[in-house]
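Asker: My request is simple: use the sequences and hints to build the entire structure.
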Amino acid sequence: MTARTRDEIRAAIFDVLGAIAPEADPATIVPDKPLREQIDIDSFDFLNVIIRLHEALGVDIPEKDYAELLTLNGAVDYLARRCAVA
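Start counting the sequence shown at 181; every next residue gets the next number (the working numbering).
Hints were generated in silico from the structure; no laboratory data involved.
Note that the structure is a prediction, hence the values are computed from the model and not measured.
All residues carry an ideal CB built from backbone N, CA and C; glycine is no exception.
Where hints are given, some of them may not hold.
Claimed, not checked - Now the in silico label distances, taken between C-beta atoms and shown as ranges:
| no. | residue 1 | residue 2 | range |
| --- | --- | --- | --- |
| 1 | Lys244 | Asp205 | 25 to 33 Å |
| 2 | Lys244 | Pro202 | 23 to 31 Å |
| 3 | Glu203 | Ala264 | 26 to 34 Å |
Answerer: Below you can see the structure in the form of structure tokens.
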């Protein structure tokens, strides 16, 4: 796993969200509000987001940490910390 910038992580999140919810517009996402409410995805879709982020970034995301990925800012912060760990 290689260290990634916050911009790379944010781009990966938007790529994954676009694959799961193609109608979602990243420009309208409010960074501190829950993603599921903003892009109207259910819990199954949210799990798919987590799986795809794991695949895209090579980061293990244990179930106990899922709540840290509920907002865009939370997801970027969490994934930045996890990507920095070698």
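Asker: All hints, please: hold or fail.
Answerer: Hint by hint, here is what the structure shows:
no., hint, result
1, Lys244 / Asp205: 25 to 33 Å, "holds, 31 Å"
2, Lys244 / Pro202: 23 to 31 Å, "holds, 30 Å"
3, Glu203 / Ala264: 26 to 34 Å, "holds, 33 Å"
When each numbered hint is compared with the structure, no violation occurs for any of them.
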